[in-house]
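**Student:** Place chains B and C on chain A using the hints.
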Amino acid sequence: MALTALRKYWPFYVMLLPGVLFYLVFRYFPMYGMIIAFKDFSLMDGILRSPWANPWYKHFETFYQSPYFGELLRNTLLISLYKLVWGTIPPILLALLLNECRIRWLRAIVQTLTYMPHFLSWVIIFGILIALFSQNGGIVNRWIVEAGGSSYPFLTSTHTFRSVLVGSEVWQNLGWGAIIYLAAMAGIDPTLYEAAKVDGAGRLRMIWHITIPGIRSVIILLFILKLGHLLDAGFDQIYILYNIQVYPVADILDTWVYRTGLQQLNFSLASAVGLFKSLIGMALVLLANNVAKRWGEGIW
Amino acid sequence: MVKGLDDKIFNVAVYAILVFCALLAIFPILYVVSVSITPFGEVLRNGGFILIPRDVTFSAYKTLLTQSNLPQAFKITVLITVVGTAINLILTGLMAYPLSRKNLPGRRLVLLMIVFTLIFSGGLIPTYLIVKSVGLIDSVWAMILPNAIWSFNVLIMKSFFEGLPEELFESARLDGAKEFRILFQIVAPLSIPVIMTIGLFYLVGHWNEFFQAIFYVTDRTLFPLQVIVREILMQSQQPLENADNITPTQTMQMASVMIASLPVLIVYPFIQKYFTKGMLLGSIKG
Amino acid sequence: MSSNSMKRTSAILTSFALLAAVVSGCGNGGDSEASSSPSSSPSASPAASPSASTDSASPSASGASGKKIKLEVIEVGNNLPTPDQDIIKKELDQALNVDFNLTVYGSGDDYKNQLNVRMASGNFPDLFALDRQQLLEFSKQGLLLDLTPYMDRLGQVKDFIGEENVKKGAVDGKIYAISKSSQIPYNTYFIRKDWLASLNLEVPKTIEDLKAVAAAFTNDDPDKNGKKDTFGLTGAELNGAFAPVFGAFGVGSPGSVYEKDGKIVNALYDPDMKAALAFIKDMIATGSVDPELLANTALQHQEKAFKGQAGIVWIDWPNMTKENMIEQIKAVNPNAEWIPIEPPAGPAGKFDGSWEIGNTPGRYAIPKALEKDPEKLQRVFDLLNYVSDPKGGSLLVQFGVEGTHYTKDGDKVVMTDKASEVGYSWLYQFTGRPEMSYLQTKFVPQAEFIKFANNQPRIQTLNGFVDMPEGYVASDADRYIKEELAKFAYGQRDLGEYDKFLKTLETTMQYKLFMDAAQEQLAALGYGSK
Numbered sequence: 001m002a003l004t005a006l007r008k009y010w011p012f013y014v015m016l017l018p019g020v021l022f023y024l025v026f027r028y029f030p031m032y033g034m035i036i037a038f039k040d041f042s043l044m045d046g047i048l049r050s051p052w053a054n055p056w057y058k059h060f061e062t063f064y065q066s067p068y069f070g071e072l073l074r075n076t077l078l079i080s081l082y083k084l085v086w087g088t089i090p091p092i093l094l095a096l097l098l099n100e101c102r103i104r105w106l107r108a109i110v111q112t113l114t115y116m117p118h119f120l121s122w123v124i125i126f127g128i129l130i131a132l133f134s135q136n137g138g139i140v141n142r143w144i145v146e147a148g149g150s151s152y153p154f155l156t157s158t159h160t161f162r163s164v165l166v167g168s169e170v171w172q173n174l175g176w177g178a179i180i181y182l183a184a185m186a187g188i189d190p191t192l193y194e195a196a197k198v199d200g201a202g203r204l205r206m207i208w209h210i211t212i213p214g215i216r217s218v219i220i221l222l223f224i225l226k227l228g229h230l231l232d233a234g235f236d237q238i239y240i241l242y243n244i245q246v247y248p249v250a251d252i253l254d255t256w257v258y259r260t261g262l263q264q265l266n267f268s269l270a271s272a273v274g275l276f277k278s279l280i281g282m283a284l285v286l287l288a289n290n291v292a293k294r295w296g297e298g299i300w
Numbered sequence: 001m002v003k004g005l006d007d008k009i010f011n012v013a014v015y016a017i018l019v020f021c022a023l024l025a026i027f028p029i030l031y032v033v034s035v036s037i038t039p040f041g042e043v044l045r046n047g048g049f050i051l052i053p054r055d056v057t058f059s060a061y062k063t064l065l066t067q068s069n070l071p072q073a074f075k076i077t078v079l080i081t082v083v084g085t086a087i088n089l090i091l092t093g094l095m096a097y098p099l100s101r102k103n104l105p106g107r108r109l110v111l112l113m114i115v116f117t118l119i120f121s122g123g124l125i126p127t128y129l130i131v132k133s134v135g136l137i138d139s140v141w142a143m144i145l146p147n148a149i150w151s152f153n154v155l156i157m158k159s160f161f162e163g164l165p166e167e168l169f170e171s172a173r174l175d176g177a178k179e180f181r182i183l184f185q186i187v188a189p190l191s192i193p194v195i196m197t198i199g200l201f202y203l204v205g206h207w208n209e210f211f212q213a214i215f216y217v218t219d220r221t222l223f224p225l226q227v228i229v230r231e232i233l234m235q236s237q238q239p240l241e242n243a244d245n246i247t248p249t250q251t252m253q254m255a256s257v258m259i260a261s262l263p264v265l266i267v268y269p270f271i272q273k274y275f276t277k278g279m280l281l282g283s284i285k286g
Numbered sequence: 001m002s003s004n005s006m007k008r009t010s011a012i013l014t015s016f017a018l019l020a021a022v023v024s025g026c027g028n029g030g031d032s033e034a035s036s037s038p039s040s041s042p043s044a045s046p047a048a049s050p051s052a053s054t055d056s057a058s059p060s061a062s063g064a065s066g067k068k069i070k071l072e073v074i075e076v077g078n079n080l081p082t083p084d085q086d087i088i089k090k091e092l093d094q095a096l097n098v099d100f101n102l103t104v105y106g107s108g109d110d111y112k113n114q115l116n117v118r119m120a121s122g123n124f125p126d127l128f129a130l131d132r133q134q135l136l137e138f139s140k141q142g143l144l145l146d147l148t149p150y151m152d153r154l155g156q157v158k159d160f161i162g163e164e165n166v167k168k169g170a171v172d173g174k175i176y177a178i179s180k181s182s183q184i185p186y187n188t189y190f191i192r193k194d195w196l197a198s199l200n201l202e203v204p205k206t207i208e209d210l211k212a213v214a215a216a217f218t219n220d221d222p223d224k225n226g227k228k229d230t231f232g233l234t235g236a237e238l239n240g241a242f243a244p245v246f247g248a249f250g251v252g253s254p255g256s257v258y259e260k261d262g263k264i265v266n267a268l269y270d271p272d273m274k275a276a277l278a279f280i281k282d283m284i285a286t287g288s289v290d291p292e293l294l295a296n297t298a299l300q301h302q303e304k305a306f307k308g309q310a311g312i313v314w315i316d317w318p319n320m321t322k323e324n325m326i327e328q329i330k331a332v333n334p335n336a337e338w339i340p341i342e343p344p345a346g347p348a349g350k351f352d353g354s355w356e357i358g359n360t361p362g363r364y365a366i367p368k369a370l371e372k373d374p375e376k377l378q379r380v381f382d383l384l385n386y387v388s389d390p391k392g393g394s395l396l397v398q399f400g401v402e403g404t405h406y407t408k409d410g411d412k413v414v415m416t417d418k419a420s421e422v423g424y425s426w427l428y429q430f431t432g433r434p435e436m437s438y439l440q441t442k443f444v445p446q447a448e449f450i451k452f453a454n455n456q457p458r459i460q461t462l463n464g465f466v467d468m469p470e471g472y473v474a475s476d477a478d479r480y481i482k483e484e485l486a487k488f489a490y491g492q493r494d495l496g497e498y499d500k501f502l503k504t505l506e507t508t509m510q511y512k513l514f515m516d517a518a519q520e521q522l523a524a525l526g527y528g529s530k
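Protein chains in written order, with our numbering: chain A, 1 to 300; chain B, 1 to 286; chain C, 1 to 530.
Isolated chain A (complex conformation):
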């Protein structure tokens, strides 16, 4: 059986070979580093020779026993869920609108402009946010004051900070995120639209019955992959944007690990939290993939 498969499929295996080699060398070989989570890692002794932690869950315990554990987990999940929802739907909508746009130049301009924010790093976006939302002198607050209201601390208030996080990320990734859906729409067979037109279908109906089903598999694929990173709520962004006043709503696992693990050279702790995040992510992906399979859309 195996032999016949090999005889029949060998060109495919030859194609896979370089990629599999890459995965083995650069991805799987370093995997042994995960055991750092169960060791008292010392740079001198290296990963394999460092002594085992006693008890083996010592670093997980440190993490679990932090007075902030519950809050960190809650913030991480909430911010991540908001981003999952708001980061998925607007790009799809934008792609649908661009796809419906009949004016070529308008489509080109909008597509290019919305793509640009992706190239601004968080340091720059932070600067922009301050210019817009700062309580003293931010443009938006100036407008509010001129309109007779009183200024609001958007960037330091626990009520608005998460919205700032989610909003700025959606803004940054709107056009970038739409690219992949546009590519998927380009692959839809145009005869389907023609046939629908003959049947007298309106534009909205065509979107609903042709375009969206046409990009369904990409939407599901991206969604499953994003679930795998549910506990990554966006370190770079939060690290640059947060301040002591919004810690209660903004401090996430990664920022905590950064302050506790990296700055104090506790590699084992950082590794333990990383492993924890990965395990949850993997469980979610397995679950989601099984659900998706029922619709015939699983990754494997």
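Be aware that a few hints might be false.
Okay, the calculated bits of chain A under chain C, using three or more residues with CB under 8 angstroms as the criterion [what the hints assert, rightly or not]:
id : stretch
1  : 57-71
2  : 132-146
3  : 153-167
4  : 237-251
Derived from the structure by calculation, the hints contain no laboratory data.
Here a beta-carbon is modelled for each residue, glycine too, at the ideal position from N, C-alpha and C.
**Tutor:** Chains B and C alone, transformed into the frame defined by chain A:
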């Protein structure tokens, strides 16, 4: 008649929302451009916010472009982007095509293996050790090979390949076409939109590369563009307690961002035409 | 690249043969990264060149006659030019017969990561900057070279940085790092002189004056634009803006440890802390303090001052008085004038915040692996001695090349108009510099500000001498302290609960561990025993 009117209203709504999205994106971009060409004192006088520059100066650009590091870094970035993207696309295609054949024995295993690496990683230190032991430290290859394939892109490409009509392969196989020929002569030309998309992802990834550079490279002459830009941006975040240090002004920061991203911004409009509806029609039916 | 190194290798081999003939003894080859291969030939033993130690000012003793050695140094920094444009590198290469490869990292975190992975992989740089925490960890793990037996070969360094700074590189009595010579304080309150004039106010002398002036700056329209768009005080977070106010109550910055009445005191437990917080709370309640004070995590407070939003800011003189800063201030408002002021007095007198004496502006260590390559090690020592020679290399790394970047007027150094070409030379100041004379030479227009800031009295804190105890999660405690103090200062938590706050800090946040460690470690150094 009613239908035509509906269509018009629909169009107007679409255009209105699109223009709104464009405005949302353009204001901050305009701000970045304007600040980059305005003397910083002028920026401050306007409360830190400028959309239409009045007092234009290109001194920040001049300062940056005459810095000894920049031209060299630019060359390195172009090199790793071009070579890297080519390698990425070939390897990704070679993986994605077999994985899109649903009856391939072992497919599930390889896919799981790929997804696993998206979520689990061995960490920085063991990865550094392997890069070191294959002798890549301090070479441009250290910025290319350790990320030669992105799992995410393999899965995307595979998913697109799965969408290609099965008859296509059947007829090709009847012709006795070899699988490599099918991939390069039939599948690839039919998949231009996804190849362009993924090519863009890789290209932008390489263009923004700094992470591997700062870990695997210590030779200053091999640093890519983003390392230099990061140096400028990070200074404003962690001011060194040093009288000699000159923290770059916002004008300088914005100028560095402009210089570093302009080339990739220009690339995009050229790729867009490949996302037009109905790309596949001619090739399949014709 | 490779043909280049081939040439170098052959040149090295030739000179190596010469050296081998001169120097007797043999050691074992190191695992050097350099293009040379010491293991293939006998290398010099350290004892063979004792003359280098005493007369290290002239590096020729061991360097110039030997082969060219590649030295790799890494640290945090910026604006380093490429090697071919790097004049300082060229001078050092020549003076020490080395091929110097300095790499700097713009972000402190990037640097830390880089150093950690290199330590873990055995790919050691020959000299590298590190912080106190890394010094402790690395030395504990045996990664650093114990410099104690070599100190007589670092004579010039010892003289240059002083005995006190030598000690700062010690762990358990052994010296594992070379600390830079001491820095001087830069920060003071700066105030808008033109605003004071426009409202007919005096420079605030006491903290009550400070409060009144800040209120006037907020309410009385000091910029006369008819809008209520200014406020009194800003700074970098709570500690920054109110450092002199804490000082006026005789309290160090929150979390600091210092000597008071012959005893070791933690600022949070200082009996005067509550009074200081009460004052700050009242001042904030008047609405005269930057409402986004706590979000000033980088240099936002400076920007607010420049924009004409705030009239008082606690900041360092370089960010306020250097030419390019003045230019920016004047561009916003040609009449704006900022002057530094003495710390306002309070119940305990006046102190311009805290000044940490246990810390150092930087420290450098050598990997233990380098002891297997005595020749290279000697070259690192030569380097350190050379940049510590007040008549030789130190001048190079401070001011550049004589005749080009500076000239000498007797003993006095005068910078030329080409000085800006070597503005990055501080990256090479591995052992520091004589701070005051250096600044006075390099920043002539700021000379008065420099002296003024340096002359202000400060509370000397000792945290730099305290190492974190096992099991204490400093980041959690730090966060808790910052959060709760902010609540007290903003009136969101009643000061009556201050003792409750301390209680939680001690138990939940395990602050007790830190307190005990501080007591014990400082007592061992002789503090608090009067």
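**Student:** All hints are to be evaluated individually against the structure, with a verdict given for each.
**Tutor:** So, going through the hints one by one against the coordinates:
no.: 1; hint: 57-71; verdict: holds (count 4)
no.: 2; hint: 132-146; verdict: holds (count 4)
no.: 3; hint: 153-167; verdict: holds (count 3)
no.: 4; hint: 237-251; verdict: holds (count 6)
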